[in-house]
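**Student:** So the chains spell out like this:
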Amino acid sequence: MSFLTPALLAGIGLIAVPIALHLVMRRRPRHLEFPALRFLQARAETNRRQLRLRHLLLLLLRCAVISLLAFALARPSLRGSGVLGGQEAPVAAALLFDTSPSMDYLQENETRLDVARQLGDWLLNQLPVDSEVAVLTLRSGADTFAVNRSAAKQRIERLRTSPVTQSLDRRLEEAVQLVAESQPECKEVYVLTDMTQSAWGEREVSSLAQRLAEEPSVAIYLVDVGVDRPRNLYLADLRISHESLTAARPLRIETSLVATTNEAMTNKNSCEVELWLDGVNTPSEKRGQQTVTWQESSRQKFTFEVGSLTPGMHQGTLRIVGEDGLAFDDSRFFTVEVNDPLPVLIATGADAEPIYLRSALGAGGFDCQVVPLDVLSRQTLADFSAICLLDPSALDDATIRALVDYAEQGGGLAVFLGRNAQRDAMNRAAAERLLPGRLKRHAHDAGHLSPTTLQHRLLAPFRHFAGEIPWSDFPVLTYWQFESLADDVQVVLPFAGGGPALLEHAVGSGRVLTMTTPVSDPANRRDRQPWNVLPTGFEPWPFMLLAVEMMTYLTEADADRLNYRLGETAVLRVPSTAEGSMFLLSTPQGDALRQSIDPRRQSVVVTTTDELGNYQVRSGGAEGGLRRGFSVNVPAAMSRIKRISVEDLDRRLGKDRYRVASSRRQLEDRVSTGRVGLKLFPYIMLFVALALGLEHVLSNRFYKSE
Amino acid sequence: MRVAEQYLKPEVIRQVSRLDLRAQFIVKGFMQGMHASPFQGFSVEFSEHRKYTVGDDPQDIDWLVYAKTDKYYVKKFEAETNITGYLVMDLSASMGYTYRQVLNKFDYGICLAAALCYLMIHQNDPVGLVTFDEKVRDSLPPKSQRRQIGNVLSVLANLKPTGRTDIARSVTQIAAMLKHRSLVMLFTDLLAETEPVITALRRLRHRGHDVILFHILDEAEVYFPFDGLVEFHEVESDERLQVDTNNFRADYRSQIEVFRELYRRECFQMGIDYVPLDTSMQFDKALTEYLVSRRARG
Chain A
1 MSFLTPALLA
11 GIGLIAVPIA
21 LHLVMRRRPR
31 HLEFPALRFL
41 QARAETNRRQ
51 LRLRHLLLLL
61 LRCAVISLLA
71 FALARPSLRG
81 SGVLGGQEAP
91 VAAALLFDTS
101 PSMDYLQENE
111 TRLDVARQLG
121 DWLLNQLPVD
131 SEVAVLTLRS
141 GADTFAVNRS
151 AAKQRIERLR
161 TSPVTQSLDR
171 RLEEAVQLVA
181 ESQPECKEVY
191 VLTDMTQSAW
201 GEREVSSLAQ
211 RLAEEPSVAI
221 YLVDVGVDRP
231 RNLYLADLRI
241 SHESLTAARP
251 LRIETSLVAT
261 TNEAMTNKNS
271 CEVELWLDGV
281 NTPSEKRGQQ
291 TVTWQESSRQ
301 KFTFEVGSLT
311 PGMHQGTLRI
321 VGEDGLAFDD
331 SRFFTVEVND
341 PLPVLIATGA
351 DAEPIYLRSA
361 LGAGGFDCQV
371 VPLDVLSRQT
381 LADFSAICLL
391 DPSALDDATI
401 RALVDYAEQG
411 GGLAVFLGRN
421 AQRDAMNRAA
431 AERLLPGRLK
441 RHAHDAGHLS
451 PTTLQHRLLA
461 PFRHFAGEIP
471 WSDFPVLTYW
481 QFESLADDVQ
491 VVLPFAGGGP
501 ALLEHAVGSG
511 RVLTMTTPVS
521 DPANRRDRQP
531 WNVLPTGFEP
541 WPFMLLAVEM
551 MTYLTEADAD
561 RLNYRLGETA
571 VLRVPSTAEG
581 SMFLLSTPQG
591 DALRQSIDPR
601 RQSVVVTTTD
611 ELGNYQVRSG
621 GAEGGLRRGF
631 SVNVPAAMSR
641 IKRISVEDLD
651 RRLGKDRYRV
661 ASSRRQLEDR
671 VSTGRVGLKL
681 FPYIMLFVAL
691 ALGLEHVLSN
701 RFYKSE
Chain D
1 MRVAEQYLKP
11 EVIRQVSRLD
21 LRAQFIVKGF
31 MQGMHASPFQ
41 GFSVEFSEHR
51 KYTVGDDPQD
61 IDWLVYAKTD
71 KYYVKKFEAE
81 TNITGYLVMD
91 LSASMGYTYR
101 QVLNKFDYGI
111 CLAAALCYLM
121 IHQNDPVGLV
131 TFDEKVRDSL
141 PPKSQRRQIG
151 NVLSVLANLK
161 PTGRTDIARS
171 VTQIAAMLKH
181 RSLVMLFTDL
191 LAETEPVITA
201 LRRLRHRGHD
211 VILFHILDEA
221 EVYFPFDGLV
231 EFHEVESDER
241 LQVDTNNFRA
251 DYRSQIEVFR
261 ELYRRECFQM
271 GIDYVPLDTS
281 MQFDKALTEY
291 LVSRRARG
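Chains as they are written, first to last, in the working numbering: chain A, 1 to 706; chain D, 1 to 298.
Don't take every hint at face value.
What the hints assert, rightly or not - Now the in silico label distances, taken between C-beta atoms and shown as ranges:
hint	chain 1	residue 1	chain 2	residue 2	range
1	D	H233	A	E45	10 to 20 Å
2	D	E134	A	E45	29 to 39 Å
3	D	D227	A	D669	50 to 60 Å
4	D	E134	A	L692	49 to 59 Å
5	A	L53	D	D227	15 to 25 Å
6	D	E195	A	R30	28 to 38 Å
7	D	Q101	A	E45	48 to 58 Å
8	D	Q101	A	R48	23 to 33 Å
9	A	R30	D	D251	15 to 25 Å
10	A	R30	D	K135	52 to 62 Å
11	D	K135	A	R48	34 to 44 Å
12	A	S699	D	A157	43 to 53 Å
13	A	R48	D	R260	19 to 29 Å
I should point out that these hints are in silico values taken from the structure, not numbers from a laboratory.
Every residue, glycine too, gets a C-beta built ideally from N, C-alpha and C.
Please work from the sequences and hints to get the whole structure.
**Tutor:** Here it is as structure tokens:
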């Protein structure tokens, strides 16, 4: 409650007049003689009480009339933001524009941001002269008031959506703080938003409601520029089989098409999705197209598989054909690197048969070299992407040292334990963390491989065949049991009997995979029974796939991440052989930025990943220079353009703490109510008239004779 | 309206200052208004002839006299028995009250008393006068000579309503005073405790007296014409009471009605003629009451 002319409230003091009149100038009764007084006496007391009540009632009415008049003349208003500010007093206003990608939603040829821009511009013109205006977006920056109105206007014109955003909660809090610290009495924050849930943080910021409660003078207006029933098709996050793969292996890309359910779209429930791929120097070409049909469920999974990729970097785009309201999430980007066959060293223990592993890896695009374990120490281990120890016997200290060094440098090591392993000798290796734990004994209760979940990245390709893999056709008879496992050891694959079959642990920056049963036992030896028939059973494709995935996993440890989310810092390592200290970054928009290589990390660090699409990093000449790239995608959560509920807003901002307007008229109405408050003058005058009328009637009735 | 009848109205009689004239006018007006002679029927002994006047019953015309004289004469009769009448006046201060300043209750009562005295003397009935306030003050022994009119009127004319009153005690005193059965005509406003008054009246009646109770109230006391805030003052008890009269009227009237009804009922049971009057009423009502009573006794 505030008053335009609070001084006039002093007029309430005038109620002293009727009170004084009531006390001092009591009405003198007429004095009459009357002999029949006895007939009056019985009712006299009741009468006197009534009389006093009437007098009091009249007095109250008269006082009410005077106070109401004074009150009305003071021009009260409800919930005005300023005590002194009238409608024309300058205000401090912050225009916070929601610049999340969903503001690009196109309807009637206007994006939501266009509408917000127009409203913001109009709002600027409505603000009283000398008002201070700040134009804020969801990108945090130096939040200050604009120098003048035209500067603010210019800022509004230049607004663009940005995928990298802070949550509205946080920005609103900052806007409130900015406005609260300003001079004018009247403080307002306008949030021009399409009211999508995603723009507000995942969880409410408790400090916002607190801040709003602390600053009751700051009026909050939510200007709703959203559409009632947004329709949107988008591609969910991509799942790429390998970011780094060999030429022989196909690339598998899996994603889902998601439709925001809407009755307008029910008659059309399929759409085309295209896969475009380009090499380093090759133009973009379409490598696949699918018609994706969605049923009742609005999410439909689909997969693209691309084979025979040439070595080098490949960047691609998955694109929904056609247009919908929101364009930014119709495309998804990815980058993969196809390598030349990677060299793998297979060191075989005595009597171990390397042919199974070698042929499996060969088919997977690996270049295998087989040496006896004894000569391992003579090899230059750093030349190999991964090393496999097939049924190793006791390792000498020099070999153990060399292998540990190799792993610590980031190399991948696979150890297939078998009949050659001797517990004591091996436990020395275990002491150096080459093995995940101390060996205990042979065990015979394995059954077969039995992955309970396929969560490990290594097992990702098996997910397609989940339930169809005939693990039980490849029984495991004997395996090594460990006494105890270190804390950081992860069981990748267990046996049906419960014991671990495949274990992973890290040594330095490298990975070590340990399989507790060998893959080098021929099936048809008469003198001994094989420990398992994994590589020798009928059509042993699970073994082959597992072997390839193990090697891929080990060699990938060294690889860079190529696919990022918005706002993440991309790091690409540069081979030490690369020349020059500068590189050229090409952004999806086509800008070329020159940046320097971080010499300490020997890598290219890109922090400005605020555009969606494929980035390229180049340095050196066209021939033999560095050619790498990465992709930046928006999180799928941003595409959910569900409107925020009133309850949610109430929870975040506090009930009745904000006003929502969706048109100029509503805004005008809300703002004038907010700024000046609900003008009570006419209502109070109505009461004054009522009280006056009542007073008149009563006094006439009471004092008829006078 | 004929001139004489106008004198039945209190506002007219007020303009006549002499009490004897007032009495005469009232009686004349009264007689003229009656279709039948008020004297006919309650006296049986022939006394004289007198000329026929308008209002006399034609049946009474003595056709023998007419045959002899060619003039209308009516036979005049004389009562066989005389009734001793006592005019009893209440002298309380409250009797002096008037609101409209026409006639106060006391004046009204005196006019009535004078007229009745006049009538009675004409009937050759002896009339006496008793006045009382807290006790009996003056008394004039009953006589039937014409002179008595003058005596009564001169006493009445000099009376002033002052002081407190005790109706019950006075009535009891009067009952003890009267030796023969008489007609007691009581002029009072009865503004006193009801129970002792009724008891006293019962005693009076018990002694064989005929009683006519002229209950005279002021017009304002009956109709309560007041408005607004008024402080009432009662002279006798010197009590004051401030009331808002507007919502009091109905209540007051019902109280008065209850009061009168009580006396009406009690008097009926006792065989007393109760005549409720107020100062705005014409005098003939009171006179008729007397005559009816007189006839019943005749």
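**Student:** Hint by hint, where does the structure go against what was stated? Just the numbers, ascending.
**Tutor:** Checked against the structure, the hints that fail are numbers 7, 10, while the rest are satisfied.
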